[in-house]
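A.B. asks: These protein sequence lines are chains A and B, in that order. What the first sequence shows, in the working numbering, is residues 1 to 357, in sequence order. What the second sequence shows, in the working numbering, is residues 1 to 298, in sequence order.
Just so you know, the hints here were simulated from the structure itself, not pulled from any lab data. Among the clues, some could well be false.
Here are the simulated lysine-lysine pairs, DSS-like style, with alpha carbons at most 30 Å apart [what the hints assert, rightly or not]: (1) A:46 <-> A:93; (2) B:80 <-> B:155; (3) A:119 <-> A:81; (4) B:55 <-> B:80; (5) B:55 <-> B:68; (6) B:197 <-> A:119; (7) A:119 <-> B:199; (8) A:93 <-> A:81; (9) A:85 <-> B:199; (10) A:93 <-> B:197; (11) B:257 <-> B:68; (12) B:257 <-> B:80; (13) A:81 <-> B:199; (14) B:55 <-> B:197; (15) A:46 <-> A:81; (16) B:55 <-> B:155; (17) A:295 <-> A:309; (18) A:46 <-> A:271; (19) A:81 <-> B:197; (20) B:199 <-> A:93; (21) B:68 <-> B:80; (22) A:119 <-> A:93; (23) B:197 <-> A:85.
Take a look at the letters that make up each chain.
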Amino acid sequence: MSELQTEMRQEHQPLLEVTDLRTHFRTERGLVRAVDGVSLTLERGKCLGIVGESGSGKTVLSRSLMGLLPSSNTVTSGSVKFEGKEILGLPSKQMRRLWGREMSMVFQNPMTSLNPLMKIGQQIAEPLNLHLDMSRADARATAERLLRDVRIPEAARRLDQYPHELSGGMRQRAMIAIALACGPTLLFADEPTTALDVTVQAQILQLIGEQRRDRNMSVVLVTHDLGVVAGHTDEIAVMYGGKLVEKAPTSVLFAHMKMPYTMSLMRSIPKLEDPSHTRLATIPGRPPDLVHPPKGCRFAPRCAYARDKCITEEPPLRQAEDPNHSYACWYPVGSPEFNQREAELNSGAVPVTLEAR
Amino acid sequence: MSTETPTTTEVATPAPGDAATKKTLGIGFWICIGWLLVMVFIAVFATRLPIPDPKFNFIEPGQAGPSKGPSAAHWFGTDKDARDVFARTVYGSRVSLTVGFIAIAFGMFVGGTLGILAGFFRGWIDRIFSFMFLVLLSFPSLVLAIMLTALLDRKLFTISMILGVLAVAPVGRLARATTMQYADREFVIAARSLGAKNKRIIIRELLPNVAIPMSALALLGMAVAIVAEGGLAFLGLSVERSITWGGMIQLGSDSSKTLQNQPWIAFFPIGVLFLTVFALNFAGDRVRTYFDVKEISL
Chain A
1 MSELQTEMRQ
11 EHQPLLEVTD
21 LRTHFRTERG
31 LVRAVDGVSL
41 TLERGKCLGI
51 VGESGSGKTV
61 LSRSLMGLLP
71 SSNTVTSGSV
81 KFEGKEILGL
91 PSKQMRRLWG
101 REMSMVFQNP
111 MTSLNPLMKI
121 GQQIAEPLNL
131 HLDMSRADAR
141 ATAERLLRDV
151 RIPEAARRLD
161 QYPHELSGGM
171 RQRAMIAIAL
181 ACGPTLLFAD
191 EPTTALDVTV
201 QAQILQLIGE
211 QRRDRNMSVV
221 LVTHDLGVVA
231 GHTDEIAVMY
241 GGKLVEKAPT
251 SVLFAHMKMP
261 YTMSLMRSIP
271 KLEDPSHTRL
281 ATIPGRPPDL
291 VHPPKGCRFA
301 PRCAYARDKC
311 ITEEPPLRQA
321 EDPNHSYACW
331 YPVGSPEFNQ
341 REAELNSGAV
351 PVTLEAR
Chain B
1 MSTETPTTTE
11 VATPAPGDAA
21 TKKTLGIGFW
31 ICIGWLLVMV
41 FIAVFATRLP
51 IPDPKFNFIE
61 PGQAGPSKGP
71 SAAHWFGTDK
81 DARDVFARTV
91 YGSRVSLTVG
101 FIAIAFGMFV
111 GGTLGILAGF
121 FRGWIDRIFS
131 FMFLVLLSFP
141 SLVLAIMLTA
151 LLDRKLFTIS
161 MILGVLAVAP
171 VGRLARATTM
181 QYADREFVIA
191 ARSLGAKNKR
201 IIIRELLPNV
211 AIPMSALALL
221 GMAVAIVAEG
231 GLAFLGLSVE
241 RSITWGGMIQ
251 LGSDSSKTLQ
261 NQPWIAFFPI
271 GVLFLTVFAL
281 NFAGDRVRTY
291 FDVKEISL
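For reference, chain A alone in the conformation it holds in the complex:
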């Protein structure tokens, strides 16, 4: 009975459970709060998109979840549970059991994430050799199969080629093949398509999606592009200044976004139906200084809808109508104050002023 219960519990246990994760870097300027109290969960087989501008802490978040940050000047706190086990702060000796086999990562730039002096085949075969104790011949055969899985034509010939002999898209495919080699249950994709051209982007995202379904793998897709995550994720977390500012299932987020920041990100995507020479909407200002973050809402200095309360008091993460949707904003999209300001902005009564604190 009790055994059954624990089994039941394990069934419902999320693959990844992050509670109040903080990653701070000690620097000469002071403590950089790159990730500041992030909580999220990820179920098996699901895809979570982490969206934010450059410097919002999304890469640091994914690297601290994986335990890949250098330990010397990094301070982490909170909890990261993988399959129910605490993994935050584990020494690399123990993390090595997870790396490659349980979780792996696809990096942003396929030009630098492959060893330029090692043949593609060798690079895929190495983890197989190391983790799964495969013989050389087996590893080579598996590597060829993996290359075919990621739709690389002439897989057998590619095994003996060097990275510089492949195009960017091909290299990213090879990188994905390497990350998938040992059958991880969790794949981090850190801006996997940013360095690629648009036509290849869609193919790579589709490939990651296919592999996720085939292998019942969970994926954390980190990107700055809301358009990228729209069609490929189950849930989206929007980060700003090291904090989670909005989190919702993908369809809910796009239908009812609450945070003006999310809305601005959305508006900054050029639309096909816009007439030509339409001025592209941008978010004025810069991401906040993470050594001395603003006192209130971190987005307030750049937010056209900010009021006094936003500058003095930090909004907590609260639940929207949908139970899975949460956001951190005092005057969310659709609130009376928001609508009032929107009307003022549209009528031109109030000039868009940027609070330069």
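Here the structure of chain A is known, so what remains is to put chain B in place on it, guided by the hints.
C.D. replies: Just chain B, lined up with the frame of chain A:
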């Protein structure tokens, strides 16, 4: 390499070594390598070559002075003890090349290891090793070498090691800088994210990449070591009781009269030393530019 028509929209970029854009090391490089190979050959097979005994005094009765200019019998002439300069130059290459090779091999091994460790682990390891390099570089190297040869013996191996120690710092600094440059590349983090241990990362990921600029420095460093050995020999501080280029130069230039009247005694060893060092420098330089260009197109 065959270039087949790609089957998808993704076209493999042509390798930066195809057809018209092909980068070569150039004819000069191969001439230099050829010269160096000849040097190595004569050094290895000196005893088997049909040349006169380098220690034999070719004194003929009734001749005025023992030293004679180049002739059919003695291509580079004979020195003041009537010994064959050509044969001595050939034998001298043994010491020069051995010293150059051992010195730079030792420098590469020790300096390379320390440099890679410093660049990879950083922190206090880096601070200690970098300080060591700094101390070594701050010594006037010739003074250090003279001091050590005076204190220790003057066997071939000792001289090589002294010059090897002097090579540690520059090699180590290059290895450290190159390692740091590559350790931040994503493929190193990627290897770690796949569960590779530090040892594996250093040997499989970093070492091959660091070895490229190191190979260029090895050739240049060997040239420096050979010159340094020549300098020590000129001061009478190189390997005892053996023929060295530096020793021959010293013999041929002990007074201005010798240089004026029997210039061949010093000229030929100087010429061979110059050509060898030049070949090493030139080849090292070519290797460096060759791989630099490759790096950019990557």
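A.B. asks: With reference to the structure, classify each hint as holding or not holding.
C.D. replies: Now the hints, each set against the structure:
Between residue 46 (chain A) and residue 93 (chain A) the alpha-carbon distance is near 28 Å, which keeps this suggested pair within the 30 Å criterion. Proximity of residue 80 (chain B) to residue 155 (chain B) is assessed by CA-CA distance (about 25 Å); at most 30 Å being required, the pair is judged to hold. Restraint check: the Cα-Cα separation between residue 119 (chain A) and residue 81 (chain A) comes to about 36 Å, which exceeds 30 Å; the hinted pair is violated. Under the criterion of a C-alpha separation no larger than 30 Å, the hint pairing residue 55 (chain B) with residue 80 (chain B) is consistent with the structure, at around 12 Å.
Straight-line distance between C-alpha atoms of residue 55 (chain B) and residue 68 (chain B) comes to about 16 Å, which keeps the hinted pair within the 30 Å bound. For a cut-off of 30 Å, the pair hint linking residue 197 (chain B) to residue 119 (chain A) stands: about 20 Å separates their Cα positions. Simply put, residue 119 (chain A) and residue 199 (chain B) have alpha-carbon atoms about 20 Å apart, close enough for the 30 Å limit, and the pair holds. With a CA separation close to 17 Å, the supplied pair residue 93 (chain A) and residue 81 (chain A) stays within the 30 Å bound.
At most 30 Å may separate the alpha-carbon atoms for a hinted pair to count; residue 85 (chain A) and residue 199 (chain B) meet this at roughly 28 Å. Using a Cα cut-off of 30 Å, the hinted pair residue 93 (chain A) and residue 197 (chain B) holds, with the two alpha carbons roughly 8 Å apart. With a CA separation close to 15 Å, the supplied pair residue 257 (chain B) and residue 68 (chain B) stays within the 30 Å bound. For the hint pairing residue 257 (chain B) with residue 80 (chain B), the CA-to-CA distance comes to about 12 Å; that is within 30 Å, so the pair holds.
Note on residue 81 (chain A) and residue 199 (chain B): the hinted pairing holds, with a Cα-Cα distance of about 28 Å set against a maximum of 30 Å. Proximity of residue 55 (chain B) to residue 197 (chain B) is assessed by CA-CA distance (about 57 Å); at most 30 Å being required, the pair is judged violated. As the CA atoms of residue 46 (chain A) and residue 81 (chain A) are separated by approximately 16 Å, the hinted pair is consistent with the 30 Å bound. The hinted pair formed by residue 55 (chain B) and residue 155 (chain B) meets the criterion: a straight-line CA distance of about 19 Å does not exceed 30 Å.
Between residue 295 (chain A) and residue 309 (chain A) the CA atoms are separated by roughly 11 Å; this keeps the pair inside 30 Å, and the hint holds. Note on residue 46 (chain A) and residue 271 (chain A): the hinted pairing holds, with a Cα-Cα distance of about 28 Å set against a maximum of 30 Å. Only pairs whose Cα atoms come within 30 Å are accepted, and residue 81 (chain A) paired with residue 197 (chain B) is accepted, the gap being roughly 23 Å. Of the supplied pair hints, the one linking residue 199 (chain B) and residue 93 (chain A) holds, its CA atoms being roughly 13 Å apart against a limit of 30 Å.
A hinted pair counts as satisfied when its Cα atoms are at most 30 Å apart, and residue 68 (chain B) with residue 80 (chain B) qualifies at roughly 8 Å. Proposed proximity of residue 119 (chain A) and residue 93 (chain A) is supported: the alpha carbons are some 27 Å apart, at most 30 Å. A threshold of 30 Å between alpha carbons decides the hint, and for residue 197 (chain B) with residue 85 (chain A) the separation of about 22 Å falls inside it, so the pair holds.
Violation of the numbered hints given earlier is confined to hints 3, 14; the remaining hints are satisfied by the structure.
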